[in-house]
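Going line by line, the protein sequences match chains U and G. My numbering puts the first residue of the first sequence at 12, with every later residue one more than the last. My numbering puts the first residue of the second sequence at 12, with every later residue one more than the last.
The hints are simulated quantities; they were obtained by calculation from the structure and are not laboratory data. Mixed in with the good hints, there may be bad ones.
Because identical chains cannot be distinguished in the list, a pair is counted as satisfied if it fits within a single copy or across any two copies.
Each computed BS3-like pair below joins lysine-lysine, with the alpha-carbon atoms no more than 27 Å apart [as the list claims (entries may be wrong)]: (1) LYS391 to LYS16; (2) LYS21 to LYS67; (3) LYS271 to LYS216; (4) LYS410 to LYS144; (5) LYS67 to LYS16; (6) LYS391 to LYS219; (7) LYS216 to LYS16; (8) LYS74 to LYS255; (9) LYS74 to LYS16; (10) LYS21 to LYS74; (11) LYS226 to LYS67.
For clarity, every value in this text was computed on a predicted model and none was experimentally measured.
2 protein chains.
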Amino acid sequence: MGIQKPSIPKGTRDFSPLEMMRRQYIFDTIRNVFRLYGYAPLETPSMENLSTLLGKYGDEGDKLLFKILNSGDYAAGLSDDEVRSASRICEKGLRYDLTVPFARYVVQHQSELVFPFKRYQIQPVWRADRPQKGRYREFYQCDVDVIGSRSLLHEVELIEIVARVFRALRIGVVLKMNNRKILYGIAETIGHADKMIDITVAIDKLDKIGIDAVKAELEERGLDRAAIDRLQPILELEGTNEQKLNILRDVLSGSETGLKGVEEMQTIFAAAERLEIPLDVELDLSLARGLNYYTGAIFEVKAKDFTIGSISGGGRYDDLTGIFGMPGMSGVGISFGADRIYDVLTGLNLFPEEIGCSTQVLFVNLGEAEQWESLQLLRKVRDAGIAAEIYPDAAKMKKQMEYANRRGIPFVVIVGSQELEARRATVKDMRSGEQRQIGFERLAEALEADFA
Amino acid sequence: MGIQKPSIPKGTRDFSPLEMMRRQYIFDTIRNVFRLYGYAPLETPSMENLSTLLGKYGDEGDKLLFKILNSGDYAAGLSDDEVRSASRICEKGLRYDLTVPFARYVVQHQSELVFPFKRYQIQPVWRADRPQKGRYREFYQCDVDVIGSRSLLHEVELIEIVARVFRALRIGVVLKMNNRKILYGIAETIGHADKMIDITVAIDKLDKIGIDAVKAELEERGLDRAAIDRLQPILELEGTNEQKLNILRDVLSGSETGLKGVEEMQTIFAAAERLEIPLDVELDLSLARGLNYYTGAIFEVKAKDFTIGSISGGGRYDDLTGIFGMPGMSGVGISFGADRIYDVLTGLNLFPEEIGCSTQVLFVNLGEAEQWESLQLLRKVRDAGIAAEIYPDAAKMKKQMEYANRRGIPFVVIVGSQELEARRATVKDMRSGEQRQIGFERLAEALEADFA
Numbered sequence: 012m013g014i015q016k017p018s019i020p021k022g023t024r025d026f027s028p029l030e031m032m033r034r035q036y037i038f039d040t041i042r043n044v045f046r047l048y049g050y051a052p053l054e055t056p057s058m059e060n061l062s063t064l065l066g067k068y069g070d071e072g073d074k075l076l077f078k079i080l081n082s083g084d085y086a087a088g089l090s091d092d093e094v095r096s097a098s099r100i101c102e103k104g105l106r107y108d109l110t111v112p113f114a115r116y117v118v119q120h121q122s123e124l125v126f127p128f129k130r131y132q133i134q135p136v137w138r139a140d141r142p143q144k145g146r147y148r149e150f151y152q153c154d155v156d157v158i159g160s161r162s163l164l165h166e167v168e169l170i171e172i173v174a175r176v177f178r179a180l181r182i183g184v185v186l187k188m189n190n191r192k193i194l195y196g197i198a199e200t201i202g203h204a205d206k207m208i209d210i211t212v213a214i215d216k217l218d219k220i221g222i223d224a225v226k227a228e229l230e231e232r233g234l235d236r237a238a239i240d241r242l243q244p245i246l247e248l249e250g251t252n253e254q255k256l257n258i259l260r261d262v263l264s265g266s267e268t269g270l271k272g273v274e275e276m277q278t279i280f281a282a283a284e285r286l287e288i289p290l291d292v293e294l295d296l297s298l299a300r301g302l303n304y305y306t307g308a309i310f311e312v313k314a315k316d317f318t319i320g321s322i323s324g325g326g327r328y329d330d331l332t333g334i335f336g337m338p339g340m341s342g343v344g345i346s347f348g349a350d351r352i353y354d355v356l357t358g359l360n361l362f363p364e365e366i367g368c369s370t371q372v373l374f375v376n377l378g379e380a381e382q383w384e385s386l387q388l389l390r391k392v393r394d395a396g397i398a399a400e401i402y403p404d405a406a407k408m409k410k411q412m413e414y415a416n417r418r419g420i421p422f423v424v425i426v427g428s429q430e431l432e433a434r435r436a437t438v439k440d441m442r443s444g445e446q447r448q449i450g451f452e453r454l455a456e457a458l459e460a461d462f463a
Numbered sequence: 012m013g014i015q016k017p018s019i020p021k022g023t024r025d026f027s028p029l030e031m032m033r034r035q036y037i038f039d040t041i042r043n044v045f046r047l048y049g050y051a052p053l054e055t056p057s058m059e060n061l062s063t064l065l066g067k068y069g070d071e072g073d074k075l076l077f078k079i080l081n082s083g084d085y086a087a088g089l090s091d092d093e094v095r096s097a098s099r100i101c102e103k104g105l106r107y108d109l110t111v112p113f114a115r116y117v118v119q120h121q122s123e124l125v126f127p128f129k130r131y132q133i134q135p136v137w138r139a140d141r142p143q144k145g146r147y148r149e150f151y152q153c154d155v156d157v158i159g160s161r162s163l164l165h166e167v168e169l170i171e172i173v174a175r176v177f178r179a180l181r182i183g184v185v186l187k188m189n190n191r192k193i194l195y196g197i198a199e200t201i202g203h204a205d206k207m208i209d210i211t212v213a214i215d216k217l218d219k220i221g222i223d224a225v226k227a228e229l230e231e232r233g234l235d236r237a238a239i240d241r242l243q244p245i246l247e248l249e250g251t252n253e254q255k256l257n258i259l260r261d262v263l264s265g266s267e268t269g270l271k272g273v274e275e276m277q278t279i280f281a282a283a284e285r286l287e288i289p290l291d292v293e294l295d296l297s298l299a300r301g302l303n304y305y306t307g308a309i310f311e312v313k314a315k316d317f318t319i320g321s322i323s324g325g326g327r328y329d330d331l332t333g334i335f336g337m338p339g340m341s342g343v344g345i346s347f348g349a350d351r352i353y354d355v356l357t358g359l360n361l362f363p364e365e366i367g368c369s370t371q372v373l374f375v376n377l378g379e380a381e382q383w384e385s386l387q388l389l390r391k392v393r394d395a396g397i398a399a400e401i402y403p404d405a406a407k408m409k410k411q412m413e414y415a416n417r418r419g420i421p422f423v424v425i426v427g428s429q430e431l432e433a434r435r436a437t438v439k440d441m442r443s444g445e446q447r448q449i450g451f452e453r454l455a456e457a458l459e460a461d462f463a
C-alpha cells in the first residue's frame, strides 16, 4: 500500500465541523417545523433498483443516474457487448431525488399506511451532473409531502410551513405560486393545448431571458405569432393576486380546466389571508416548474435580500404513484434547498453566533493534582448540559490557550495551585479577556447562567 | 413506462415512520453525549475514490466494496478486457466504514485542523456482504474519535461516554477492555511474537467456540503445544482487573511492550475508579477485536440482559493516517452499533412510550365554520410547540376518529356547532376515552400541560 495524496471525487464535498454545525442548524429548524405540522419521518435506501429509477426523469435524467456495478463476478456469462452496454452489469442505482422513492414506498407499503399519509424525508441524492459552482453530485434534499388527499387545506398548510421555516431562519422571502391548470387553460385558450409543455418550458425562462427571447423560443417551438401575441399580455398581468385572478377568469372563460385552476388559487389565497399567514404570496403566471408531474398549484420560494435561484419549490401532483401501479393518488409537497439556504444565511450573515463552537468550556491542565480536581468539576459542568473538555496533557499554558482560541472556545477554566488552595476556579471569558473567581461548588451553575 | 411491482435491492431497508422515530431517538441520544464531550460533527462524501478505499480492509474487504460505474461513455476507448476487469470503468466506490474516510480527511485538511482533533460522524456505510438476518448492505455507523494525542485521558473519556450513552438509553451494559500491547506481550512471552495476528484472530473466538477449539486453531496456525499450554492459563485468568494485571506483570516481565500495556490499563482503570464512572468495566484477555490497526487499549460493549453481539467497540490506533502519508498520528475512538442497539431496545421494550406518535393532537373537521375556528386554535396549539393537524375534509366522524386511532394520536379536539356557541372545545383523550370541555382561549396551554 504505497503513499497516495488523498482527494475526493469531483462534485463531492467534505463538511467541516463549522459547516456541519451550520447545516445541522438548518436541518433541525426545518425538521422541527415539519414535526409541528404532524409530518412523520421516512428514510429509503440510497440504492434503488434501476427499474425503479429509469424512465422517471426523462432521457436527460437517465443519463445522470449513478449506476452501481453488480457485486461479485459481475460479468459472468455476459457477452462483451452486454458488458459494454452496462445494461446487465448494473442493476442498482443511487437515488436521484426523494420523490420517486417516496412514490415507490407508498405503493409498496400501501396496505400498512394510513391515508392521507404525511411524511418528511431529509436525505442525500446523487446526480452525475457536470460539477460547477453551486452544483454538486451529492446533495441533501428536505422534502415534505402529503399523499392521498385532494383537500386544498394541504396547499394552505404548506404556505404556513414555508412562512414558519423562513421566519425561524430569519430569511425574508416571497412565495411565488401558479397553477398548472391555469397554464393548461392558457395553452388551450390560445389554441395550443397540445403545446402545453413547450409553453411552460419556454415561459419558465421569462425571468432569465426576458419576454422577447421567450417569444422567439415559442415561435421555434411551433406557436404562431397570433397565439404568442395573445399570450404576452397574460404573462405581463399586473395587480394584486385577486385582480389577476379576476382577469384570468374572463380570459380563460372558454377553458374548464383553466377556470378550475383559477378557482383553486382563489380558495388558497383567501384561506392564507383569512389565517393571516405572515408571508408575501404572489401569483406569478410565468412560474411553470420544470417537472411535468405537477397538475395543480405550484410553489417557488425566493429570498428577498439575496440574489440566488429559488430556495424551495414544489406543487400538487395527481398521479405520482400511477407508474408503480397505484393510480389516482393525489398529493402535494415542497422541497427545501439546504445548500442554497446555507448560501443565503452565509451571504446575509444570519447564522446565530453561538453556532460553530462545539466546546463551550475548556479546563486547562496544570498537572496531576489540578487535573483530578478539574475532572471532578468537569463532570458537574457536563451534568449541567454544557459541552466541556479538559486539555489532555499538562502542556505549556500558552499552547493550551492557543488551542482554546483556535477552537473558538468561549470560556476557559483554570484550576492551579492557588485555586486548589482557595477552592475557587478562575474562569476566563476568551472574548472579553475578563476573569472571575468562582467557588468550586458554584462553578457549574455559574457557567450554566452564562449559556442560559 | 409500463407498470412494475416495486421492490428494493436485497440487503437494503425502508425505515417506516415508527422505525425512524425510534432511530432518531437513538441517534439524538448518542449525538447529545458526543456534543457534551466537545466532539464536533463531520461528514464525508458517500463516494470515495477507489484508490482511497482499496487495500484498506484486506482482500475480503476489497471484494465487499460497492463500485460506481463511471458516468458518461464509461467504456470509451477501453479494450473488452479492461471493461471486464472493471479496473477502469469504475473509479469511485461507496464508503465501507467511517474510519478510512476520517483518516483521509485528517490528512487532506491537516493544515486547517487543530490537534487534538475531536470529531463524531454519524452516516451510512455500504458493504456488498451476503444479506442475512441482522446483516445489511446499507447501515449507519456512529463513530467518535480523537486524533493527535497519546493521552490516556481520552480512553477514560470514552469510558465515560459509553456510561452516559447507555444510562441515557436505560440499557445495562458491561464494557470489556483489553490492550493490544498485552496481547503482543503474551505472543512474545510464549515465543511466538511473529504469530501475534494468528493468536489474536484465534482467541477472538474464545466466547463463541470455547477454549479447546481455540487451542486446535492455534495449533493449525503453527503454534507448538508447549506455547499453547502456556497461553491457556493466561486466557483463563480470574479475579478483579487489578488482580489480573498484577499477575500479568509477572507473566509478561520479559516483554517490554507487554509491561507497557499492563501499565496503560492500570492507569485507565485507576482513573475510571477514582472518577467513580458508573459502569462495569472488565479486563477480558480474550478480547482481540478483528481490525489490525489497533495498537493499544481496545473496547467492546455487551448488553447485560439481552443476547446479541457487541453493541459498541473501538480502540487506540497509532498510525491510521500513515497510509495517506501522515505518520505518527495516534488516536482512539469507539463506534456505536445503531442497529443492534435498536434490537436491544426493542427486545427489552425500552423505547419511551411517547416516541412513535408524530401527531399529538388532531382537530376533527366538522364543516366550514367549525373548520375556520379550528384552524385559528390549531395555530395557537402549534405556537405552543405541540405537533398538531386538522383532518383535511369534513368526512364522517367515524372515519376521522379511525384516522386518529390508526395514527396513534393521543388527543382529539372537537369543535362542533355546540362548541362554537359555547366557545369551548371538547378534548378527547383517546387512550382513556375521557372527554373535557376547555375554553378556546385556554386550549393551547391546557394541552401544553398534558405534554409537560
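A quick look at each hint next to the structure:
1. LYS391 to LYS16: neither (44 Å within a copy, 57 Å between copies)
2. LYS21 to LYS67: Both ways: LYS21 and LYS67 sit 26 Å apart in one copy and 22 Å across, limit 27 Å.
3. LYS271 to LYS216: For LYS271 and LYS216, only the intra-copy Cα distance (25 Å) is at most 27 Å; the inter-copy one is 70 Å.
4. LYS410 to LYS144: neither (38 Å within a copy, 51 Å between copies)
5. LYS67 to LYS16: Answer is between: at 15 Å across copies they meet the 27 Å cutoff, but 39 Å inside does not.
6. LYS391 to LYS219: Answer is neither; intra-copy 58 Å and inter-copy 41 Å both fail.
7. LYS216 to LYS16: neither (43 Å within a copy, 37 Å between copies)
8. LYS74 to LYS255: neither (40 Å within a copy, 62 Å between copies)
9. LYS74 to LYS16: between (31 Å within a copy, 23 Å between copies)
10. LYS21 to LYS74: both (17 Å within a copy, 24 Å between copies)
11. LYS226 to LYS67: neither (29 Å within a copy, 58 Å between copies)
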